[in-house]
Amino acid sequence: MRRTSSARSTTSSLLFTLLFVALPTSAARRPRYGGTLTVDLQGRATSLDPAQKQGSVADQIAQERLLELVADRLVMLDQFGRPKPALALSWQHDGKFTRWNFRLRPNIEFQDASPFTPDSAATSLQAMNPKWHVGVASDSVVVESDSPLPDLLYVLAESRNSILLRKPTDVIVGTGPFHLTTWEAGRHAVFAANDDYWGGRPFVDGIDVQMGRTVRERMIDLDLGKADIADVAPDRARIDASRGVRISASDPAELVALIFSPSSTRAEDVRIRQALSPAIDRPSLVDFILQQEGAPAGALLPQWSSGYEFLFSTAADIAAARQLASQISSGPALKLGYDSADPIERMIAERIVVNAQAAGIPISMRAIAAGLPGGTANRATNRAASVPEYDARIVRLPMSSPAPGVALGDFLQTVAQLADFDSSLTAPLNDPANSEQLYSRERAVVDTYEIIPLVYVPEVVGLSARVRDWIPARWGKWHLADIWLDGASQ
Amino acid sequence: MAAAARELARKVAASVGAAIQGKLTIAPNFVNLSSLSAFEFQKACGAFHDEIEQQTKTFRATSSQEIAAASVNVTLAEDLHGFLWVARVTQGQSQQTVFVSVARELVAQESQPSPSVTLQKEFLLSQSEPILDAGLLAVSPGSTPSLLVLQPNRIALFAQENGAWRLQFETPIAHAAPWPRDVRGRLQQGGAGEEAVLPGVTCNITVSSALSASCKPGNAGWLFSLGFLRAFTLLPTAAANGDTFTFPALGSQEFSSVAVIAPPVSSGASVPVIATTSDGRALLFEGSSTPVTSFNNWGSDVAVLYAADRTLWPLLVTRDGDWTAPDSVRAFDIIDRQPVAISGEINFDGPITALWSEDENTVLAVSRNLKTGMYEAYFIRAVYNQ
Chain S
0 MRRTSSARST TSSLLFTLLF VALPTSAARR PRYGGTLTVD LQGRATSLDP
50 AQKQGSVADQ IAQERLLELV ADRLVMLDQF GRPKPALALS WQHDGKFTRW
100 NFRLRPNIEF QDASPFTPDS AATSLQAMNP KWHVGVASDS VVVESDSPLP
150 DLLYVLAESR NSILLRKPTD VIVGTGPFHL TTWEAGRHAV FAANDDYWGG
200 RPFVDGIDVQ MGRTVRERMI DLDLGKADIA DVAPDRARID ASRGVRISAS
250 DPAELVALIF SPSSTRAEDV RIRQALSPAI DRPSLVDFIL QQEGAPAGAL
300 LPQWSSGYEF LFSTAADIAA ARQLASQISS GPALKLGYDS ADPIERMIAE
350 RIVVNAQAAG IPISMRAIAA GLPGGTANRA TNRAASVPEY DARIVRLPMS
400 SPAPGVALGD FLQTVAQLAD FDSSLTAPLN DPANSEQLYS RERAVVDTYE
450 IIPLVYVPEV VGLSARVRDW IPARWGKWHL ADIWLDGASQ
Chain Y
0 MAAAARELAR KVAASVGAAI QGKLTIAPNF VNLSSLSAFE FQKACGAFHD
50 EIEQQTKTFR ATSSQEIAAA SVNVTLAEDL HGFLWVARVT QGQSQQTVFV
100 SVARELVAQE SQPSPSVTLQ KEFLLSQSEP ILDAGLLAVS PGSTPSLLVL
150 QPNRIALFAQ ENGAWRLQFE TPIAHAAPWP RDVRGRLQQG GAGEEAVLPG
200 VTCNITVSSA LSASCKPGNA GWLFSLGFLR AFTLLPTAAA NGDTFTFPAL
250 GSQEFSSVAV IAPPVSSGAS VPVIATTSDG RALLFEGSST PVTSFNNWGS
300 DVAVLYAADR TLWPLLVTRD GDWTAPDSVR AFDIIDRQPV AISGEINFDG
350 PITALWSEDE NTVLAVSRNL KTGMYEAYFI RAVYNQ
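Protein sequences appear in the order of chains S and Y.
No gaps in the numbering here: position 261 of the first sequence is 260 in numbering that gives the first Met the number 0, and each next residue is one more.
No gaps in the numbering here: position 168 of the second sequence is 167 in numbering that gives the first Met the number 0, and each next residue is one more.
Keep in mind that the hints were calculated from the coordinates and are not lab data.
All residues carry an ideal CB built from backbone N, CA and C; glycine is no exception.
Wrong hints could be hidden among the right ones.
What the hints assert, rightly or not - No more than 20 Å apart at the CA atoms, straight line, and that leaves these computed lysine to aspartate or glutamate pairs for EDC-like:
| id | chain 1 | residue 1 | chain 2 | residue 2 |
| --- | --- | --- | --- | --- |
| 1 | S | Lys166 | S | Asp111 |
| 2 | Y | Lys42 | Y | Glu77 |
| 3 | S | Lys95 | S | Glu143 |
| 4 | S | Lys166 | S | Asp93 |
| 5 | Y | Lys370 | S | Asp77 |
| 6 | S | Lys130 | S | Asp93 |
| 7 | S | Lys52 | S | Glu183 |
| 8 | Y | Lys370 | S | Asp468 |
| 9 | Y | Lys370 | Y | Asp335 |
| 10 | S | Lys83 | Y | Glu169 |
| 11 | Y | Lys215 | Y | Glu160 |
| 12 | Y | Lys370 | Y | Glu77 |
| 13 | Y | Lys370 | Y | Glu6 |
| 14 | S | Lys83 | Y | Glu39 |
| 15 | Y | Lys10 | S | Glu435 |
| 16 | Y | Lys10 | S | Asp430 |
| 17 | S | Lys83 | Y | Glu6 |
| 18 | S | Lys130 | S | Asp118 |
| 19 | Y | Lys370 | Y | Glu128 |
| 20 | Y | Lys370 | S | Glu435 |
| 21 | Y | Lys10 | Y | Glu52 |
| 22 | S | Lys130 | S | Glu157 |
| 23 | S | Lys130 | S | Asp409 |
Unchecked claim - Have a look at the derived ranges for each label pair, beta carbon to beta carbon:
| id | chain 1 | residue 1 | chain 2 | residue 2 | range |
| --- | --- | --- | --- | --- | --- |
| 24 | S | Asp421 | Y | Ser211 | 39 to 47 Å |
| 25 | S | Ala50 | Y | Leu166 | 41 to 49 Å |
| 26 | Y | Asn161 | S | Leu424 | 32 to 40 Å |
| 27 | Y | Phe168 | S | Leu223 | 38 to 46 Å |
As the list claims (entries may be wrong) - A short list of chain S residues far from chain Y (calculated; beta carbon distances all over 12 Å):
| id | residue |
| --- | --- |
| 28 | Asn106 |
| 29 | Asp194 |
| 30 | Gln302 |
| 31 | Gln356 |
| 32 | Ala357 |
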């Protein structure tokens, strides 16, 4: 056995145009270790436990980002959304997708030195997924379900399915690339690199996270070098970039939509819902409110995820809106709710009011509390309720997964708590990877006009000059273990 | 992509044919919303057109009823998983939409870039797992070479089949400690045959009826510390011209990559060495542990195209940017202790993650394609201008 040699080249003396080349201005360097990464987040995570729901979308995103530092999932997604082994080395499923077997990575420890076992993985998964039957078999975890789970790999890659040890003192422990050293709920957290991490020690030594920072504080911290990474409001992205701030924006990762209340008798008439949709000038929402950092939305899923969003119209049609509005009997103005703490929701609501009034639809704004209400939503059963706080409200729906089947399923589960949907529209799809099924379902949902997609919004961050190898997933997920700091001492 | 376009045409024909029967002409409109090149897109549209003509010939009129004209809007888009053909068929008042998906990896393999003129790159294979090193291996004397591929957790042997490398065998690499995040590894000829060297582990590789690897802690000549090389003794085969040579002591500094850039001027002489550091510098050593000069703003990876009949070995250097940007490789000579570009750049669709001298006049380059996420291995060879 020997290594072969390629044929020798025929050579002679070098006859070149000798050109002295200015070598690159910044080098393609391999990563280096060391340093503390500082991060400013908009949201306030009050707990790292995904079972503890957070108050707002920003808080929820903050929790997910911090949780991913300390915990792993059985499966992770690569930059392109493909499932890859994480704590599970391999997997198999039956023909109906009702039984999955995950063979686990051996010799892994939680950060409190207790062993990662099939039992610990099963307990963690069962706590978050009560409808599944999660068991163990030898070196494996077995997930069974009465209904098929064809998209289970993507579901398991969601941060809520992180494998955790839940301690009696509300402390959670994971197997992730960092471990928590300081925790002040909603304010401050410090993480240290896990030297024995199975995926390789992170490049940075630690991460210092400040939570609940205002837009101004985040920008000042970036300008002064006090933050390496900071959330940036989408409408600020271009302004900050023009000031010289290094900006990174994901593909659209969040849907902003308008949802009609099941308690609203005013919204019972489908014509008023149908009239409002073409009245809204979505491109203007993107151009003037999001400062072009986003895209008009005609469907629930963005184009990059589903591939068919272009089939849904986003064009305004004031004439059609006026014609529909003229058929509606006069009544009280629609009350449009928005989160009083969210300036982007307020600006979008203001714009919608202008558009609707131009189409002859009486409408007014109403500030409401943050957060999404729970419970069931059904116009018939909610009719007896007292006068609703709003007839329609603006909601922000972050994509839970890049996989269109999973994201659509999660969208519909959330929306079903807010709008009057037939249960057939929120039932699981037989084949969530089938574009025709996804399209048919989305088309049916959008055609109810119970939800009106408005705009897609990316996740935007500002970066300091020393952050290297910043390669977030296209849907915004961060990979802080992979980044390194230029100039950090080793 | 053409096969998928044909499948879409069959679906369109079926959707129309289900409604009516008769002679039918479908005039499609094509729109490309994807990242596929215009050339590839046009080729696929041609396939759609051919197939739709073929399909519509099979329709037969069963009655004299007038057939409504059908129009088709064909769009090539992209979803999370790859490419998505969408056809909207409008016939009278009815509208149907049909889809065909194509995995991104399939398209990437179809449209590999062609080699450049001065430096030639030869595509070997593409896979989702990282490739640390790869080399041709004659399993038995005179046999067609196989391709041995080193990955972080396994060694794989590929065989040529219809012009492509197909996986034949694979064997796991046993290691107790986690790899560094920036894991590197090397296939090399050891005392007992082919071996794989990884951080803290050396594996002796055996290929007979199957592939096996016997892995033990320890490296002969390689020392890794958290992804960096402290020392590097992989030298281009000194036997290139039969001379022996000495390797300058490089001190205790950590280097990302090291290359001998010229054969010794006489047997036993020290060879000039370029070593790159993690802060973007390249140091030139000429026999002592003190560099004689340094160059700023170099890429981390260098490798040399050595040849017995050349007095200066072209040094291949990667380009600027971190691992978020496409990379390129260019050949330099070091003349009067200054780098002189002697080739144009050959471009890659992502950062170079490995660059190793393989054998005389061959360098292996591995790039992580930023468009697909796949690791792509290439052989780079030089065609020397006369």
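Handout entry: Hints violated by the structure (listed by number, smallest first)
Key = 4, 9, 11, 13, 14, 17, 20, 24, 26, 27, 28, 29 and 30
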